[in-house]
Structures are given as C-alpha cells and as structure tokens.
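Chains B and R are the protein sequences, given in the same order. First residue of the first sequence? That's 1 in the working numbering, and the numbers climb one at a time after it. First residue of the second sequence? That's 151 in the working numbering, and the numbers climb one at a time after it.
Treat the hints as calculated values from the structure; they're not laboratory data. Treat the hints with caution; some may be incorrect.
[Stated by the list, open to error] Below 25 Å or equal to it, Euclidean Cα-Cα: the simulated SDA-like pairs (lysine to any residue) are:
# : chain 1 : residue 1 : chain 2 : residue 2
1 : B       : K68       : R       : S306
2 : B       : K36       : B       : G78
3 : R       : K270      : R       : D256
4 : R       : K291      : B       : A17
5 : R       : K207      : R       : P249
6 : B       : K92       : B       : A17
7 : R       : K320      : B       : S40
8 : R       : K314      : B       : R5
9 : R       : K290      : B       : E141
[To be verified] Cβ-to-Cβ under 10 Å is the rule here; a few derived chain R residues that face chain B:
#  : residue
10 : Y194
11 : K290
12 : G295
Each residue gets a CB set at the ideal place from its N, CA and C atoms; glycine is no exception.
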Amino acid sequence: MDNARIDQIIDKHQGEASSLIQVLLDIQSENRWLPKEALSRVSERLQVPLTRIRQIATFYKAFSLVPKGRHAIHICMGTACHVRGAQRVLDKVQDLTGIKPGETDLDLKFSLETVNCLGCCALGPVMEIDGKTHGKISPAETADALKKYE
Amino acid sequence: MSKIMLTIDGREVQAQEGMTILEAAQSVGIDIPTLCRHEKLEPYGACRICTVEAENKGWTKLVASCLYPVEQNLVVRTRSEKVDRIRKMILQLLLSHAPDARELQDLAKEYGADKDRFEKEASFCIHCGLCVRYCAEVKKKNAVGFVNRGARREISFIPEIASKECWNCKECFPLCPTEALQAAYILTEALISSSPSFTT
Ligand code: SF4
Ligand code: FES
Ligand code: FES
Chain B
1 MDNARIDQII
11 DKHQGEASSL
21 IQVLLDIQSE
31 NRWLPKEALS
41 RVSERLQVPL
51 TRIRQIATFY
61 KAFSLVPKGR
71 HAIHICMGTA
81 CHVRGAQRVL
91 DKVQDLTGIK
101 PGETDLDLKF
111 SLETVNCLGC
121 CALGPVMEID
131 GKTHGKISPA
141 ETADALKKYE
Chain R
151 MSKIMLTIDG
161 REVQAQEGMT
171 ILEAAQSVGI
181 DIPTLCRHEK
191 LEPYGACRIC
201 TVEAENKGWT
211 KLVASCLYPV
221 EQNLVVRTRS
231 EKVDRIRKMI
241 LQLLLSHAPD
251 ARELQDLAKE
261 YGADKDRFEK
271 EASFCIHCGL
281 CVRYCAEVKK
291 KNAVGFVNRG
301 ARREISFIPE
311 IASKECWNCK
321 ECFPLCPTEA
331 LQAAYILTEA
341 LISSSPSFTT
C-alpha cells in the first residue's frame, strides 16, 4: 500500500486524530495487515505518536502487524460447535492448509483463526471464510469448500 | 476556589476543591503508599496500592486516593483491616511478576505480603506506566510505549526513536520500580546495534 492511498484514507476521515481506529481499520481491510511504513505515515499525518498507534494496533485482534493470507478462515470452537465436531473440522483444515490457528501459509493464501462463537450456533459446526458462513459442515465438505479459493 | 473540610484518619483536614484525597493527606503528613504516581505526571490509577476507604453519607467505598477528588465531609480511612488486606493482595500479585523489586519488598514487609503466595511469572514489569508516561508527558519523545494486552502486555521501545533520544536521556530508568525498563532498553539497544539500518 503506498502513501498516496494511505493519504486518501486519512483525508476521507478529515485527518482527525480521533479517527485513528477508523483509519487503521480501513488500511487493515484493504491491505490485510498494517505495515510499519503505513503506521509511520498515519502517525505523521494524524500527529499521533507511534507508541500510541502501536498500543492500539496490538490491543485489538482486528489488526495485524504481520502479513495475512488472501483468505481468512475462522473456525468456531464455541460450545455448540465444539459438541458438534468443530475439532474434526479444525484438524481437517490444519491438515489441508498446513497452518495452525494464528498462522498464515507461505503463499499468503490462507490465514487461520479460531473464534469462540460466531452467533449462529444452530448451524454448528461453523466455518467462516472471508465472511461467508459455511454451516453444518463436515470435514469432507471442508475440503471442498477450501478448494474454491485461489 | 472553595475550601473543603474532610476527615482523614480521624483528623480534620482542610483542602482545596479539585485536590485528590492523596494530596490532602500528604498536606498534613499522612502517608499513603503509591507506585504509579509521580508528581510531574497526570494521575493514572494503575497500581491501586493507594486504595483507601472513603465514607460519605454512611456509604463506604474503596477508591484510588491518587484519583479521587476530595468531597465535603468525606471520612477517609487510609489504614483499616480491609485496606490492608487489599494492599497485601495487590503486593502479592505484583511480586509474582517482579519478585526482586526493592520497592515492593519494602511494602511487602509493612503489609505482611508473601512474595511466594502466587506462582512466579516473572515479566518484571508491573505496568505502572511511569516510563511510558514520563517519556510522553515530560520529555514528549514517545520512545517507549505499551504493546499487547492482558497478561501479554509489555513495554517496547521504538528503535528509530530510541537510537536518537534515549542514550542521552535515560531519565525514566530511576523511575521504574523494577528492573524491567532497563532490560527492555538494553534489548532495544542490542537490536539497534545489530541492525545497520537503525544506526545513526
Ligand atoms: S518498565 Fe518499569 S516503569 Fe515501565 S511500566 Fe514497567 S514497571 Fe513501570
Ligand atoms: S458456538 Fe459456534 S456459532 Fe455459537
Ligand atoms: S498510586 Fe494510585 S493507583 Fe497507583
């Protein structure tokens, strides 16, 4: 992400220091992570110290300071999904992608995270890829679903 | 500014509106322990060791005296069974992070805190924020800040700023109640000198 694009995002938020989190969220969603250069630019433009920005960027799980894959897999490990076999779904995804929760593969294709309830327990076990919900999913269907992503 | 009368440990104390309980107590020589308080910095309320009992209209609550403003007719108890028990517990928790901190050990003696009460998890930093706030508020350099949260929260220097500012300052070192700050700085320094792009 270049400085011109970051400046656009900042201008969209009127360059207000109070919009810091919104600015970071926009960069995160477009770029999938927050590179150091981007944070320095934001710091300069919004006149917020880098220490403060780093504190916020490391506080919220929505932000990442390392590159993330093109597709974000979230597997629900909440109680309802757990009793309906979430662990097997997770095992399968780990096998197929070669990554554990919190990790990203070397091709930057997938990032894997577990969550503790996606709020649709009746659909358990639930896997979410890029915000799309795959409910009542079996380990075999998991493999099919993953194949659709480039 | 109007005057406010309150009672601290049975003594009538006259204070100014806007003063904290801690300031009012100190003005008459009553000692309340503090860890995260520094006269040059905004009150922060992180350590809670300054907790006192404050009673108003029959209601007693536990408040951080470094933050709580004085009120008319407030009755403050800076030592009581409850207050001592709380301070003891706080000290035991802090000591599990920084068992060798001199300041904590001295207080532990006073409050009968056992440094081995909880399993050691020596992160050394007790999150008082003195270093972070001093660098931001007094020196305005923002070379050191907090990262992460919860049990993984720690201080971290920004190498690019630290390499320029810290060597000649180091004014935060003596503020740290533990040795954590110095250790973090030495680590940063090592990183700076091993990475050519950071040397100035
Ligand atoms: S490093 Fe020391 S001064 Fe800084 S927050 Fe931790 S305990 Fe406080
Ligand atoms: S437990 Fe999985 S959606 Fe609620
Ligand atoms: S001195 Fe009051 S909370 Fe730390």
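Each hint, compared with the structure:
Proximity of K68/B to S306/R is assessed by CA-CA distance (about 23 Å); at most 25 Å being required, the pair is judged to hold. At most 25 Å may separate the alpha-carbon atoms for a hinted pair to count; K36/B and G78/B exceed this at roughly 34 Å. For the proposed pair K270/R and D256/R, the alpha carbon gap of about 18 Å is at most 25 Å, so the pair holds. Distance check on the hinted pair: K291/R and A17/B sit about 18 Å apart at the alpha-carbon level, within 25 Å; holds.
Using a Cα cut-off of 25 Å, the hinted pair K207/R and P249/R is violated, with the two alpha carbons roughly 41 Å apart. Between the alpha carbons of K92/B and A17/B the distance comes to roughly 44 Å, so the proposed pair goes past 25 Å and is violated. Note on K320/R and S40/B: the hinted pairing holds, with a Cα-Cα distance of about 24 Å set against a maximum of 25 Å. Using a Cα cut-off of 25 Å, the hinted pair K314/R and R5/B is violated, with the two alpha carbons roughly 30 Å apart.
For the suggested pair K290/R and E141/B, the alpha carbons sit about 56 Å apart, so the restraint of at most 25 Å is broken. With a least beta-carbon distance of about 14 Å to chain B, the hint placing Y194/R at the interface is violated under the 10 Å criterion. Taking 10 Å as the C-beta cut-off, the interface hint given for K290/R holds, the closest approach to chain B being about 9 Å. Restraint check, G295/R versus chain B: the minimum CB separation of about 3 Å is within 10 Å; hint holds.
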